[in-house]
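Here is how the chains run, residue by residue.
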Amino acid sequence: SQQGEEDPQALSIQEGENATMNCSYKTSINNLQWYRQNSGRGLVHLILIRSNEREKHSGRLRVTLDTSKKSSSLLITASRAADTASYFCATAPFGGNKLVFGAGTILRVKS
Amino acid sequence: GAGVSQTPSNKVTEKGKYVELRCDPISGHTALYWYRQSLGQGPEFLIYFQGTGAADDSGLPNDRFFAVRPEGSVSTLKIQRTERGDSAVYLCASSSGDTQYFGPGTRLTVL
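If you're matching them up, the sequences are chains A and B in order. Note that the working numbering has the first sequence beginning at -12, numbered continuously upward. Note that the working numbering has the second sequence beginning at 273, numbered continuously upward.
You may find that some hints are simply not true.
To give an idea of the interface, some chain B residues facing chain A are shown, with a C-beta separation under 8 Å as derived from the structure [said to hold, decoys possible]:
id, residue
1, A303
2, Y305
3, D328
4, V361
5, L363
No lab work stands behind these hints: they were computed from the structure. Glycine is no exception: its CB is placed at the ideal position from the N, C-alpha and C atoms.
Put together the whole structure using the sequences plus the hints.
In structure tokens, the structure reads:
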């Protein structure tokens, strides 16, 4: 069963706009990771945020983590058509190694 | 360097047949994971290897599924008596730390 839930399920924006995706989870975690997936195949790792971190940046990506609310958000700034993909959050439960994924957000960036 | 590779990229089989899916992890990665992803969902954990041994096989759905990693590198996921419900993309990942790096997946279709 999947732990996380992403919100929204689908998002359509214009190129240049910002995209925000949210993720909620249920149990204590060691870290939370965001992945991108194109065409239903391999996942590309975007960013990892540890449970003792609140915010992290990587290029046009900004991730926040609120462990008290068991939630995270991924912000993609100045979106491009190439950002069109599915985005998944995945949590590494405290004391475990496996990743628990949400159902994902489908992002479409229109040019 | 080379990423995680998986073969075959696509496999079509008939109900009741046996299949083997192969994963070549990133060189030097001691941890290897198998996940299964059904259409429209996030990946679900199947099994985790640390070296040659299966450290966590709690995600294997039943005893038709088995995986090995005899030399601590390449892993093979074996599915006996395949069923139509086994149709999915099977993803392999490897890691040397917290970040898991995924292969392109094998799309299994059981007719």
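Check your understanding: When the hints from earlier in the document are held up against this structure, which numbers fail?
Key -> none
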